[in-house]
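K.L.:
Those protein sequence lines, which keep their order, are chains A and B. In this note's numbering, each residue carries its 1-based index in the first sequence increased by 1. In this note's numbering, each residue carries its 1-based index in the second sequence increased by 1.
Any given hint might turn out to be false.
[Claimed, not checked] Simulated restraints, written as ranges between beta carbons of each label pair:
1. Pro79(A) to Ser96(B): 34 to 40 Å
2. Lys29(A) to Lys275(B): 47 to 53 Å
3. Lys23(A) to Gly67(B): 50 to 56 Å
4. Pro79(A) to Lys272(B): 19 to 25 Å
5. Arg7(A) to Met166(B): 18 to 24 Å
6. Asn252(B) to Val290(A): 40 to 46 Å
7. Asn159(B) to Asp342(A): 54 to 60 Å
8. Glu371(B) to Glu283(A): 54 to 60 Å
[To be verified] Far from chain A, some chain B residues (derived; all Cβ distances over 12 Å):
9. Val25
10. Tyr48
11. Arg65
12. Gln76
13. Phe192
14. Leu277
15. Asp343
16. Leu369
17. Asn376
18. Arg382
19. Lys384
20. Asp396
Just so you know, these hints were derived from the structure itself, not from any lab. Cβ atoms here follow ideal geometry from the backbone N, Cα and C, with glycine treated the same way.
2 protein chains.
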Amino acid sequence: MIKNPRFKLFGIEDYRQYIGDKKVEQIKEKADPLKNSFVSHCNSTLYGGGVAEILAPLTILMNRIGIKTEWRVIQGTPDFFSITKKFHNALQGDSVNLTDLKKEIYEWVLKENSLRNRADHDFIVIHDPQPLPLINYYDKKQPWIWRCHVDLSEPDKNLLNYLKMFIDKYDAAVLTLKEYDQDFKPPRVFFNPGIDPLCTKNRELSDSEIIDRLEHYSISCGLPLIVQISRFDHSKDPEGVIKAFKKVRENIDCNLVLLGNVATDDPEGEKIYKRLLDYQNEHIRILSVQDSALVNALQRKATVVVQKSLKEGFGLTVTEAMWKKAAVVGGNVGGIKHQIDDGKNGFLVSSIDETAEKIVKLIEDENLREEMGRNAREKVRKKYLLSSCLENYLDLFNSFETIYRLDYKK
Amino acid sequence: MIKNPRFKLFGIEDYRQYIGDKKVEQIKEKADPLKNSFVSHCNSTLYGGGVAEILAPLTILMNRIGIKTEWRVIQGTPDFFSITKKFHNALQGDSVNLTDLKKEIYEWVLKENSLRNRADHDFIVIHDPQPLPLINYYDKKQPWIWRCHVDLSEPDKNLLNYLKMFIDKYDAAVLTLKEYDQDFKPPRVFFNPGIDPLCTKNRELSDSEIIDRLEHYSISCGLPLIVQISRFDHSKDPEGVIKAFKKVRENIDCNLVLLGNVATDDPEGEKIYKRLLDYQNEHIRILSVQDSALVNALQRKATVVVQKSLKEGFGLTVTEAMWKKAAVVGGNVGGIKHQIDDGKNGFLVSSIDETAEKIVKLIEDENLREEMGRNAREKVRKKYLLSSCLENYLDLFNSFETIYRLDYKK
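Looking at chain A on its own, in the form it has when it is part of the complex:
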């Protein structure tokens, strides 16, 4: 029925062109002992934000390599997501007034969700704080892994203490960076997320595909184009980007596009988007759409891609842009400072002035942009493709095979 070659279920074989024969075979060997095992990934939204973007291709890749993998999403009320967003922000350094009511709404929603989802898998992977308390509502029969994607370097201590009640019941905690480590009971494992080079957002585009997509949104390419792509969130500092852009325009005529979408688990996004609309003018475009092909086109066509985050668990939009050989200016924080080697494959910045300065430097120097772009792609190829992320999960699951699994196995 489905004949169009565009509709293909990608598997690890399709990564051979990027990571080579040896790595592909290595990953397949690691998957062997896990054949026919049964995994559940659970998070809080199907759309928007990095986690959903990882889980969409990762769950396919895992199934295709022989591990039956489900993707479960919890359902929450607006109250719940307003609380979990506060938790998210507080884990990244804000403070939160942790009332009993907040705790009760949080736990209650997960109690309801536990009824609607079995947990009879061999491994259960819970992503981020939203579904964390699920573990309280099951007769636990298997390893539970908490995969935390946020920057835990300066969490609100009171909140972390409360969440530890749940975290400490898990069998492992996966954190993105060593500097996010905290005093949890389960062993900590550190690995990055990764991007899928084969999906609509990252696949190769022809020049005409790029132009078509940009024209569809009336985005002009007549002037140098500065782009930031991320959820509308304070930690991404969209206002800072606009200020830096205004400084750039004191010297060079150029355009700015801020593109984001609003995730169902992020109630703040819409408000911030609406506030940003006040900055729109003939040179500044604020766009809220869910269109992966547009992201792809913008990252490929941009003169400079900015990701001026103040906090950033990892920063997949930086990875995506680097993969496309973009010249990237990123905030010197979290995962970004591990991805960008300052001056080699992009620039790290810590202020609005510095952001403006590096943007100007890159706009004025095409050779520098090209050199940095080549280095950027190579770094992503080696370290940040989804195949690495898959391999890390396989290693983690296999470690349970020897350590825990005999106890847990049904």
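With chain A's structure known, arrange chain B on it following the hints.
P.N.:
Chain B alone, transformed into the frame defined by chain A:
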């Protein structure tokens, strides 16, 4: 941990106050043979629209009565939802250009989703056209039920013919009304959805709770208040409501609120909402928020609740308003004309003039509003509570117990 009595898992026992002892016992008896059986409900969104609102409490109710029930949601691309929305509209009377590309995108998304979801349940219930083709991608081991919530009285024949390829593989098709019947291979069963009287949207509210909620959105109650609550969709005729309201205001000073939210599986909603904003003025308020307590408050405080739909599979917002003893003016279509007995528990209308006329009549006659409201609540109590819907599912599942189940049972 959860002490607040507000956080309670409701079960069939909590319906005793509405439907009486005998009915509760009857439902429990019907659940008995299904104890420990395992059901999957699958639809295309967790938020917005009637189906998600039924599944949220129904899945809890089923679990609480002893049937392990999961709620699965498919993940789709914007392309996919743009196509399924066209299909939805075409099933309700529009036409659609059914290209191979549309079919391929539709089937492809479900093929991907089949990888991410097991189907090892005793019964699988697929809601509406979006996830319909899932059945193609499983080794079918149990009864599959297609639950179609849309008005199928005048479907696009070409589209229906294509969808029959999938529908005919199912073991039963549940339609809301006899007049939606079509020539499908599986037997057809007819039953209504129902509302949960215990949820935030429908529970009793004190006067101060109502006023608080309306004030939160600066909705004034100084003048008679006309309200329509529904997704922003052409078939709900929001422009028609505005025209009718303007006619009403030629005679009586009053206010209108159109409240909707945008579901993740409805790409048209946002566009229609934005277009309606042009009509906003000091008397007409267009609101797009997801706030069940606001819906509750509006339906209780409205002088007249309008649901001027041109097509309406069932019309749960009418049921909700009737339950709250509202005076309802509804389009004489689909499920609305079964819910409203014209002149007894509300008015049925077929034009803008008629809508305006009935609104005026109701604003001017408080006794009539109260009488109709009482009759309306009684009709919902007897026929349209979620307990009836549960009972109908139990009957359906039990019919398989004798007819099919031996063949399918693992």
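K.L.:
Evaluate each hint against the coordinates.
P.N.:
Each hint, compared with the structure:
As the Cβ distance of Pro79(A) to Ser96(B) is approximately 37 Å, the hint placing it in 34 to 40 Å holds. For the pair Lys29(A) and Lys275(B), the supplied restraint of 47 to 53 Å holds, since their beta-carbon distance comes to about 50 Å. Restraint check, Lys23(A) to Gly67(B): a C-beta distance of roughly 53 Å satisfies the suggested window 50 to 56 Å. At about 23 Å, the beta-carbon gap between Pro79(A) and Lys272(B) stays in the expected band of 19 to 25 Å.
Under the hint 18 to 24 Å, the C-beta atoms of Arg7(A) and Met166(B), about 22 Å apart, fit the expected range. Asn252(B) and Val290(A) have their C-beta atoms about 43 Å apart, which keeps the hinted 40 to 46 Å range intact. Between Asn159(B) and Asp342(A) the C-beta distance comes to about 57 Å, which sits within the given range of 54 to 60 Å. Separation of Glu371(B) from Glu283(A) is about 57 Å and conforms to the stated range, judged on CB atoms against 54 to 60 Å.
Every beta carbon of chain A lies more than 12 Å from that of Val25(B), the smallest distance being close to 20 Å; the non-interface claim holds. Non-interface call for Tyr48(B) relative to chain A: violated, since the shortest CB-CB distance, roughly 6 Å, does not exceed 12 Å. Look at Arg65(B): its CB is around 8 Å from the nearest CB on chain A, not clear of 12 Å, so calling it non-interface is violated. With a closest Cβ-Cβ approach of about 4 Å to chain A, Gln76(B) is found to fall inside the 12 Å limit, against its non-interface label.
For Phe192(B), the requirement that its beta carbon stay farther than 12 Å from each beta carbon of chain A is met, with the minimum near 22 Å. For Leu277(B), the shortest C-beta to C-beta distance to chain A comes to about 17 Å, beyond the 12 Å cut-off, and the non-interface label holds. At the 12 Å boundary, the C-beta of Asp343(B) stays outside the reach of chain A, the nearest C-beta of that chain being 36 Å off. The Cβ of Leu369(B) sits about 36 Å from the closest Cβ of chain A, beyond the 12 Å cut-off, so the non-interface label holds.
Even its closest Cβ contact with chain A, about 32 Å, leaves Asn376(B) beyond 12 Å, as expected for a residue assigned away from the interface. Non-interface call for Arg382(B) relative to chain A: holds, since the shortest CB-CB distance, roughly 25 Å, exceeds 12 Å. A cut-off of 12 Å between C-beta atoms confirms that Lys384(B) is not in contact with chain A; the least separation is 27 Å. Even its closest Cβ contact with chain A, about 22 Å, leaves Asp396(B) beyond 12 Å, as expected for a residue assigned away from the interface.
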